[in-house]
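For the record, the sequence lines run as chains A and B.
The opening residue of the first sequence carries number 122 in this note's numbering; numbering runs sequentially from there.
The opening residue of the second sequence carries number 122 in this note's numbering; numbering runs sequentially from there.
Where chains are identical, the list cannot tell them apart; a pair therefore holds if satisfied intra-copy or between any two copies.
In silico SDA-like pairs for lysine to any residue, Cα to Cα no more than 25 angstroms straight-line:
1. 145 with 246
2. 255 with 388
3. 373 with 453
4. 205 with 393
5. 255 with 389
6. 373 with 430
7. 255 with 381
8. 373 with 462
9. 145 with 249
10. 255 with 387
11. 373 with 403
12. 255 with 396
Think of the hints as simulated: they come from the structure by calculation, not from any bench.
Keep in mind the model is a prediction, meaning the values are calculated, not measured.
2 protein chains.
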Amino acid sequence: MAEETSATDPVHIPLIEADRPSSKLAEFSANEPLELDAGTELAPWQIAYETYGEMNAEKTNAVLVCHALTGDQYVASSNPITGKPGWWTRMVGPGRPIDTDRYFVICANVLGGCLGTTGPATTNPATDAPYGLKMPVVTIRDMVRAQARLIDRLGIDTLFAVVGGSMGGMQVLQWAASYPERVFAAVPIAAGARHSSQNIAFHEVGRQAIMADPDWCGGAYIAAGKRPTKGLSVARMAAHITYMSDESLHQKFGRNLQDRDDLTFGFDADFQIESYLRHQGMTFVDRFDANSYLYVTRAMDYFDLAAEFGSLPAAFKDSKTRFCVMSFTSDWLFPTSESRAVVKALNAAAANVSFVEIDSDRGHDAFLLDVPEMFSTIRGFITGAANARGIPAPGGSD
Amino acid sequence: MAEETSATDPVHIPLIEADRPSSKLAEFSANEPLELDAGTELAPWQIAYETYGEMNAEKTNAVLVCHALTGDQYVASSNPITGKPGWWTRMVGPGRPIDTDRYFVICANVLGGCLGTTGPATTNPATDAPYGLKMPVVTIRDMVRAQARLIDRLGIDTLFAVVGGSMGGMQVLQWAASYPERVFAAVPIAAGARHSSQNIAFHEVGRQAIMADPDWCGGAYIAAGKRPTKGLSVARMAAHITYMSDESLHQKFGRNLQDRDDLTFGFDADFQIESYLRHQGMTFVDRFDANSYLYVTRAMDYFDLAAEFGSLPAAFKDSKTRFCVMSFTSDWLFPTSESRAVVKALNAAAANVSFVEIDSDRGHDAFLLDVPEMFSTIRGFITGAANARGIPAPGGSD
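Next comes chain A alone, as it looks inside the complex (with noise of 0.2 angstroms):
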């Protein structure tokens, strides 16, 4: 925190969780345990988030926004180890879509991450060193759990809306099944139900990377003063082609080469694609934390609605919740079918449902990108159910 860093410095995310800067904290005490689907336990834990906007008296104008698998709390607000603003401030803030004039908005680090909330990076009290692999594994249920947790602690009995992206939109979907009545709308992006053979497929490629780094060590690097910043970088560079449509990489690389007239003959990055890879490899790792890396994709792995309550539409049986679902044309890690299968479920159960399927070329990471479709459909979706759910519009009118 005290030290100075340009945009070309790398910066380090501080093992130590003492040494990292906080984000508001819900702490909960040994008294306090968090049930866990491995059968465990978990105390003491907490949880680290933000906030923007003001909660209202009622406390009905709550909405949470879920983070995807390497995001983070700062979802409006410059993220203090990085230095960048927030990784969604197209969609929330002043005058947004999710409208922080209107709405208080809360976003938490998942459990099992490594910005603040419990993870594996967290030091076990049992052996006074970080928990590693000890660390239970964990569920998108448990991350979902530990935000009821602190909506909870916060006073919230309903949230007006569950938002978010990818592994962001699989625990508004968990959210939705588990606490129907607590959640008056639900905007899942670009998830879906289960995570499907190929998706385990290419995080299994990741933790095989990470654990393949001898820094890895187990696990146990942060007692060893290492780290798999290899490996890491390696998983993150898999894990991101897939974030991309084909053709967002054609139009934006090609086959254009790096700064130079011709190939090199050599393994250096002569093509754009392979100096862009390689920086988002590098960069990663100076911001994320390998184990939970481990955690937080086993998470996803593991998430599958149908099997944990018998069928699809048993997971929203009866719901009252008011779903937009959101899907993108070119997103091939989550396709529209994945989508389509839930509004399926949804209709089965005879939720209140609409879906929009968005024509962008920009594959997965389209939920993070200047998709105005996306705001548009968004904002009226919110507006509604905000004037439905009686939360007064900023300045009087909407």
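Here the structure of chain A is known, so what remains is to put chain B in place on it, guided by the hints.
Coordinates of chain B only, in the frame set by chain A:
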């Protein structure tokens, strides 16, 4: 070779070339250098190959089969290292579409490979140590140049056909472009005239995984008595996902668990897809050299016929070759659009071309699998071309 191995024993490529099981070899002395696109020469050098069937007196019935990235010359006979049957026995053999009762079939290990043809594990005459990264980077055109030298040595003027899938299809297209007068018929399958940005990206991930492995030793692992098996395994796992379609992964594995009834809440292979991928990675390192993987992927990345000739139609100008271009509906690594671009260029060049997109849910690997429409199409095309070429049918009919 003398060791007994069972199907479950690991089999290792002998790293010292002289210890490897030998195919037929065409050896070229220090006075017979191979010119390379890198602007240098390779000498001495050699190319290892297998043949099937008999060359006719006129030498008009030779079919060159070109193998893919991790393929080898054992197209229709057992691989002496793995003990497995040839990789395309459904396509090549007596009575098969490429009928060894009618044609003389040649299949050579590619330049830069690791099964007898000169590659990075070959002894560098300048140092008496394996080339490692001192081997010049080679291209698809260099591979084809080497094959042309082999064909010269066999006394063959014109190949009746050149056939191959994936990187083999790239070689087919390069043959037709570089030596149009020497190719009567060409069958590029599941290929394209360039490597796309996404394809380069996946290869770069694989290379970074290999080079991140400390046992890679900067490429000099043979001298160090090591092998970067973990890195190579991760590279193979990542690549293997791209060879299958989302649909085929879903059908074959879905979210099925591996030999267990419940999730283990750990990082072992819970899902069948994980176990399958790990197996693919582990068995691959027993039969493939890590530096060869770097070189051969690089050759594919560099492939771009339009760049070489100024435009794609220019690559096929005045071609008299008969083409049968084939793609598969679910192949996302070399999608039909890449084949269509080739066909469009062939049409613009007024070449003789037929194009078949085969309906298959098996992804890129379909060309290696039991896809009846592929066999019947190639049988029909090859038979028609053979009749036009005046190659007698076996038994005097057909």
